[in-house]
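Chemist: Below are the chains, spelled out letter by letter.
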Amino acid sequence: METIADFEVQYSQFLDPEGKPSADIPALATDTEKLLDMYRLMTVTRVFDTKAINLQRTGKLGTYASCLGHEAAHVGIAAAMRPDDVLAPSYREYGAMLCRGVTMTEILLYWGGDERGSDYAGPRNDFPMCVPIATQCLHAAGAAMAFQLRGEDRCAVSINGDGGTSEGAFYEAMNIAGARKLPVVFMVVNNKWAISLPIEMQTASKTLAQKAVAAGIPGIQVDGNDIIAVRHWVERALERARNGEGACLIEAVTYRLSDHTTADDSSRYRKQEEVEAARTVEPLIRIRQYLMDLGVWDKKKETKLLNDAAAKVDAAVEKYLHTPKPDIESMFDHMYAQWPEQLEEQRQHAIRYGGTNGDSHG
Amino acid sequence: METIADFEVQYSQFLDPEGKPSADIPALATDTEKLLDMYRLMTVTRVFDTKAINLQRTGKLGTYASCLGHEAAHVGIAAAMRPDDVLAPSYREYGAMLCRGVTMTEILLYWGGDERGSDYAGPRNDFPMCVPIATQCLHAAGAAMAFQLRGEDRCAVSINGDGGTSEGAFYEAMNIAGARKLPVVFMVVNNKWAISLPIEMQTASKTLAQKAVAAGIPGIQVDGNDIIAVRHWVERALERARNGEGACLIEAVTYRLSDHTTADDSSRYRKQEEVEAARTVEPLIRIRQYLMDLGVWDKKKETKLLNDAAAKVDAAVEKYLHTPKPDIESMFDHMYAQWPEQLEEQRQHAIRYGGTNGDSHG
Amino acid sequence: MAEVTLIDALTMAMAWELEHDPSVVVLGEDVGVNGGVFRATAGLQKKFGVDRVQDTPLAEGMIAGISIGMAAQGMRPIAEIQFMGFIYPTVDQIINHAGRMRNRTRGRLTCPMVLRAPFGGGIHAPEHHSESTEAMFAHMPGIRVVIPSSPTRAYGLLLAAIRDPDPVVFLEPKRIYRLNKQDVEDNGKALPMDVCYILREGSDITVVTWGAMTFETLKAVDQLARKGIRCEVIDLTTISPIDYETILESVQKTGRLVIVHEAARTCGVGAEIAAIVAEKGIYDLQGPIRRVTGYDVVMPLFRREMDYMPSVGKIIDVIQESLED
Amino acid sequence: MAEVTLIDALTMAMAWELEHDPSVVVLGEDVGVNGGVFRATAGLQKKFGVDRVQDTPLAEGMIAGISIGMAAQGMRPIAEIQFMGFIYPTVDQIINHAGRMRNRTRGRLTCPMVLRAPFGGGIHAPEHHSESTEAMFAHMPGIRVVIPSSPTRAYGLLLAAIRDPDPVVFLEPKRIYRLNKQDVEDNGKALPMDVCYILREGSDITVVTWGAMTFETLKAVDQLARKGIRCEVIDLTTISPIDYETILESVQKTGRLVIVHEAARTCGVGAEIAAIVAEKGIYDLQGPIRRVTGYDVVMPLFRREMDYMPSVGKIIDVIQESLED
Ligand SMILES: Cc1ncc(C[n+]2csc(CCOP(=O)(O)OP(=O)(O)O)c2C)c(N)n1
Ligand SMILES: Cc1ncc(C[n+]2csc(CCOP(=O)(O)OP(=O)(O)O)c2C)c(N)n1
Ligand SMILES: [Mg+2]
Ligand SMILES: [Mg+2]
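Protein chains in written order, with our numbering: chain U, 549 to 910; chain E, 549 to 910; chain X, 2 to 326; chain V, 2 to 326.
These are computed hints drawn from the structure, not numbers from a lab. Note that the structure is predicted; figures quoted are calculated from it, not measured. Cβ coordinates follow ideal geometry from the N, Cα and C atoms, glycine included. Be aware that a few hints might be false.
[Unchecked claim] Pair by pair, the computed Cβ-Cβ distance ranges are:
#1 E/Asp-813 to V/Glu-20: 20 to 30 Å
#2 V/Lys-182 to E/Asp-813: 21 to 31 Å
#3 U/Asp-701 to E/Asp-701: 57 to 67 Å
#4 V/Asp-52 to E/Lys-819: 15 to 25 Å
#5 E/Lys-860 to V/Lys-182: 42 to 52 Å
#6 V/Gln-224 to E/Lys-819: 46 to 56 Å
#7 U/Glu-566 to E/Glu-822: 52 to 62 Å
#8 V/Lys-220 to E/Ala-885: 35 to 45 Å
#9 X/Lys-220 to U/Glu-748: 42 to 52 Å
Start from the sequences, fold in the hints, and give me the full structure.
Modeler: Here it is in structure tokens:
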């Protein structure tokens with residue numbers, strides 16, 4: 549027997565849960581402005597998330613998927629991207645979306661049952677949130693193909709969860725990206741759970757990073773609670789992609805501290821102790837500590853940040869709550885460049901009965 | 549950075565293209581009766597294949613997918629299986645099907661446009677030939693799950709081509725098989741081409757065996773022109789599976805010496821030299837030589853085998869050509885356990901017009 | 002006898018069959034420990050174990066494909082797809098394999114599986130969680146499509162679907178999962194598929210509907226009853242194959258037909274019913290066949306979803322219009 | 002002007018658009034070096050290079066998904082699916098993304114893609130190679146479905162489909178790929194979608210059909226013409242959205258309607274046409290609306306496929322029956 553191929557999966561962490569460097573820190577970690585920006589956004593994201601859950605509880609928002617505990621993974625990904633790159637997220641990566649310039653009001657509108665939430669004023673080319681799991685991996689590959697064909701210096705990034713790595717579309721996307729050396733980065737945010745299915749029951753592969761081997765592209769596992777690790781490796785992957793070296797898979801290991809969504813009750817299927825243990829290694833603690841150890845952060849700044857964040861979130865919520873319902877016609881008028889004449893009767897019918905059939909909030 | 553997982557892909561060959569042992573030969577290769585049986589079947593398969601192509605050329609068969617050059621891979625797989633295992637093939641593995649007990653007449657009926665070709669008198673539980681690429685991998689996984697649930701000592705084997713490894717279903721099947729330790733073996737017969745797409749353009753993964761890494765199951769590449777290697781490793785994989793150790797992926801590397809099907813013209817997209825080169829390493833030469841070197845085979849036996857094969861094939865063809873068309877009603881009567889009463893009008897309509905709308909051969 | 006909701010009745014039916022037929026297996030995403038996102042399988046894994054009630058990885062095509070493989074080898078899988086918006090990765094397996102396993106092997110291998118999925122809007126669900134595309138499955142030969150609209154029918158029809166020797170796509174109107182309760186005896190008695198259920202007898206007009214829309218329709222009809230209008234309400238129930246005899250008989254009596262469904266209008270199942278009556282019952286008709294349906298648009302997110310749906314008001318108006326013909 | 006077959010006309014249209022619009026890309030299995038298994042893309046890669054005419058790995062869901070990704074980022078992909086029997090892995094991407102990208106982003110991102118696929122039976126093809134499931138796509142909001150039935154329409158409609166700012170499923174009746182030739186000027190002129198094409202004018206009965214069945218229908222109608230029966234033959238052409246005005250006008254004139262399609266009957270597109278006429282044109286009808294269709298069975302393997310299909314004889318009989326109403 550002859551060995552004809554071999555592979556290694558590496559793991560990277562720079563900051564340990566206490567915020568102490570656990571490896572030679574990369575250049576990025578010495579740029580305190582970058583770190584502070586990211587930390588602030590992580591905090592804002594968490595404040596936003598808490599508020600959104602409250603809005604749902606009080607009947608002012610629909611079902612909502614919390615991002616609690618994912619802030620480093622989400623912000624780290626987007627912070628590594630350039631504005632004219634394109635993101636194809638799934639449905640809970642608010643840290644990434646906010647970093648890309650999506651507004652909180654837009655996110656709330658989406659979960660509040662209003663399509664205008666996906667009409668981002670900021671990142672006009674980013675894909676909207678994607679509910680059908682792993683389908684967006686193919687959109688990212690397609691976007692990357694467009695960039696490659698046009699000779700543009702741009703990359704696409706998709707994000708899906710651990711659960712999404714069981715879907716065929718995930719592998720198909722990696723395979724075409726490998727075959728064509730597409731400028732795309734596939735992010736898997738492994739938060740250990742796909743609703744009630746723990747990662748061990750999803751797959752026999754010990755890491756999700758190794759799934760890259762099937763596509764002949766590099767795969768790496770990083771500590772998804774360490775924003776330095778996430779951003780560093782996404783930056784490296786994007787650099788490779790821009791150099792024409794093709795796609796990468798990055799697995800960011802984190803934990804879903806919340807229920808799956810506000811419609812879920814995770815106490816049915818997982819132990820509180822597991823959640824508590826995960827809380828001690830969550831991503832905000834360590835970067836905050838690191839910044840404090842660097843002497844660039846303190847209690848006062850923290851208080852001010854929290855206050856500012858609350859104000860920002862409140863303003864966004866106000867704007868959301870005061871957004872009138874979309875017009876009835878809007879359900880027709882964006883279906884095609886032009887609504888077909890022969891279907892105009894349906895549109896008129898809807899307008900005639902507008903608002904007569906119960907009502908959703910607002 | 550820490551290495552958290554590593555993988556190797558091994559390659560195995562026992563007989564080189566000249567029929568000389570290239571590695572310590574396994575027990576199987578010393579059992580000349582087994583080898584002779586397999587060699588005879590490979591030869592019969594080739595005679596059958598040649599005849600089928602002729603039938604198509606003379607308008608007596610529909611489009612047909614030749615198995616020329618795949619005989620070792622196909623026969624080797626089935627020879628390793630037990631009768632009560634289940635095979636889920638794709639559409640050109642006649643060597644495997646004949647070994648399982650499917651008749652040549654059945655295969656001809658299938659390609660001759662008659663559903664009865666899939667109603668095997670022999671292996672009643674084997675899946676029929678499968679055209680939608682890679683979908684059968686999931687059927688094999690499901691069959692394996694049935695065996696596992698019932699505590700039966702049986703395994704399932706699926707076969708797909710290199711092209712099929714680009715389909716999501718292939719990965720989904722491996723993933724569930726890994727997660728559940730299902731008694732299933734996934735065979736990939738890599739004949740280097742998916743119609744006109746060469747393997748290098750299908751994927752960036754250097755071997756197809758390494759795709760197993762994504763599912764956390766073992767993967768191995770074997771010389772698919774070496775029937776000893778194929779049978780040996782499939783036997784080993786089935787043994788593992790029966791021991792509750794779960795699924796395997798085996799890549800058998802061979803070459804499609806024929807056009808994709810009789811409807812294809814491969815000179816459009818590949819060089820004749822490549823085909824000629826592959827012809828020198830094809831699977832019959834080496835096992836024949838090996839048997840001759842062992843002193844258990846000679847010219848005379850070969851001539852007799854070819855004559856017997858031709859007679860067998862001719863008899864099967866005769867039977868095929870004399871099989872009357874299926875009844876009109878048969879297109880209705882196997883749709884449901886019982887054809888729904890409310891659709892009986894359609895059935896009567898078809899019967900009324902039976903045979904009035906042109907005719908297919910025979 | 003127990004007062005149960007529609008979803009409880011489904012759980013009861015699965016429990017009965019798991020108990021009585023060792024070849025029955027329940028599988029799907031989150032159906033085990035979690036008991037299903039709608040709790041249709043609540044308690045089943047605890048009672049029957051992880052082999053009989055299995056959580057699967059997240060891959061609908063895989064769920065369908067392994068179910069077919071199992072069914073062909075003698076099991077009776079009941080697979081749950083979490084929402085109809087996620088049923089599309091199963092389409093290839095359902096149309097290319099489930100619906101033709103029996104035919105293409107001339108009965109040698111069969112596919113006695115049930116594919117369950119909640120469908121329909123009106124529960125303020127997120128994007129992709131409110132679709133009604135039963136027509137796609139109704140167009141597939143070899144596939145039965147069944148939709149229950151009451152606890153009693155949910156129980157009896159799910160039993161029938163599981164026991165059927167052929168594949169059944171069993172669609173559950175999630176909006177009425179818990180809308181009302183009925184006394185359902187847990188006696189293992191199946192109800193017949195392939196037939197319509199008449200919910201109200203009447204002689205003025207025939208209204209055919211199914212799923213959650215039976216409720217809107219019954220409300221409309223009850224209001225009209227106060228004006229002395231007697232509507233015959235037919236719950237189609239088995240969407241394919243269609244029991245058109247019952248519909249034709251009704252139209253023969255009433256002379257008028259309205260069809261109500263939540264799915265988009267174009268090529269919805271309503272079209273097939275209209276087409277059948279326009280062929281076989283046209284001389285009984287006193288006026289146009291009308292459809293009250295969802296529009297030919299993507300189901301809007303929830304702030305406008307009710308404006309998409311057929312409402313009691315829309316149904317009443319169309320029935321009244323039809324009566325003026 | 003060149004005498005070309007339907008498939009030549011498709012090649013011409015793609016070549017024209019590849020030449021004139023740099024955002025157009027052709028992709029699919031075997032479309033490059035091999036020129037497509039039916040040769041629809043023959044010569045295109047040689048002329049426009051491997052970037053513009055791309056061979057993809059074997060994965061239809063992938064082909065659809067990356068096409069959507071490309072289209073949303075400003076390209077105009079023309080994706081080929083080798084046979085309609087293999088189109089089902091695309092269904093998830095087509096219904097859940099292609100058909101709603103514009104709507105869900107309120108027009109921010111759009112999906113100007115074409116999904117081409119040969120469909121239909123009658124060419125002695127292997128299993129899974131002869132299906133007609135246009136109705137499934139016609140039921141999807143936001144998707145246009147177009148079927149050409151002549152070289153001229155193939156050329157003009159494919160150009161229209163490529164240029165359309167929204168997704169088009171473009172289904173090609175492979176049985177008539179090379180059946181006849183027409184003079185088609187390669188002038189880059191598109192033909193209108195969303196309208197029917199009238200193939201024969203007549204006042205006795207309206208026959209609506211599409212795809213390869215236009216040939217069976219015209220043969221039937223020509224035979225009937227010898228008996229003095231004047232049929233109006235309408236080629237539906239755009240399967241969704243349906244130009245029902247043209248159909249209604251014709252029925253107003255003729256009072257009779259027969260629909261012919263190859264797909265299985267139940268929930269086929271014929272049902273939608275019948276339903277529309279049974280609503281909006283019922284008072285014009287002098288008798289039942291009849292359908293001549295494939296049966297509700299799996300397309301048989303080829304020894305019996307012609308018995309599955311609507312034949313000239315079946316069409317003639319139904320038209321004559323209708324004329325007796
Ligand atoms: C194709 C598909 N199937 C099922 C669902 C329902 N669903 C929503 S989220 C989810 C679990 C996803 O898990 P994972 O990919 O790990 O992402 P996470 O929610 O943990 O971020 C499921 C099953 C869906 N949205 N799409
Ligand atoms: C899902 C699907 N897509 C496309 C096809 C058409 N097709 C038939 S065989 C083939 C190539 C298969 O290549 P491979 O998997 O390598 O098998 P081989 O024919 O070489 O044995 C294609 C594209 C198909 N049968 N199924
Ligand atoms: Mg997860
Ligand atoms: Mg191959």
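Chemist: Indicate, hint by hint, whether the structure satisfies it.
Modeler: We went through each hint and held it up to the structure:
{"no.": "1", "hint": "E/Asp-813 to V/Glu-20: 20 to 30 Å", "verdict": "27 Å, holds"}
{"no.": "2", "hint": "V/Lys-182 to E/Asp-813: 21 to 31 Å", "verdict": "23 Å, holds"}
{"no.": "3", "hint": "U/Asp-701 to E/Asp-701: 57 to 67 Å", "verdict": "59 Å, holds"}
{"no.": "4", "hint": "V/Asp-52 to E/Lys-819: 15 to 25 Å", "verdict": "23 Å, holds"}
{"no.": "5", "hint": "E/Lys-860 to V/Lys-182: 42 to 52 Å", "verdict": "47 Å, holds"}
{"no.": "6", "hint": "V/Gln-224 to E/Lys-819: 46 to 56 Å", "verdict": "52 Å, holds"}
{"no.": "7", "hint": "U/Glu-566 to E/Glu-822: 52 to 62 Å", "verdict": "60 Å, holds"}
{"no.": "8", "hint": "V/Lys-220 to E/Ala-885: 35 to 45 Å", "verdict": "38 Å, holds"}
{"no.": "9", "hint": "X/Lys-220 to U/Glu-748: 42 to 52 Å", "verdict": "49 Å, holds"}
Violated hints are absent here; each numbered hint is respected by the structure.
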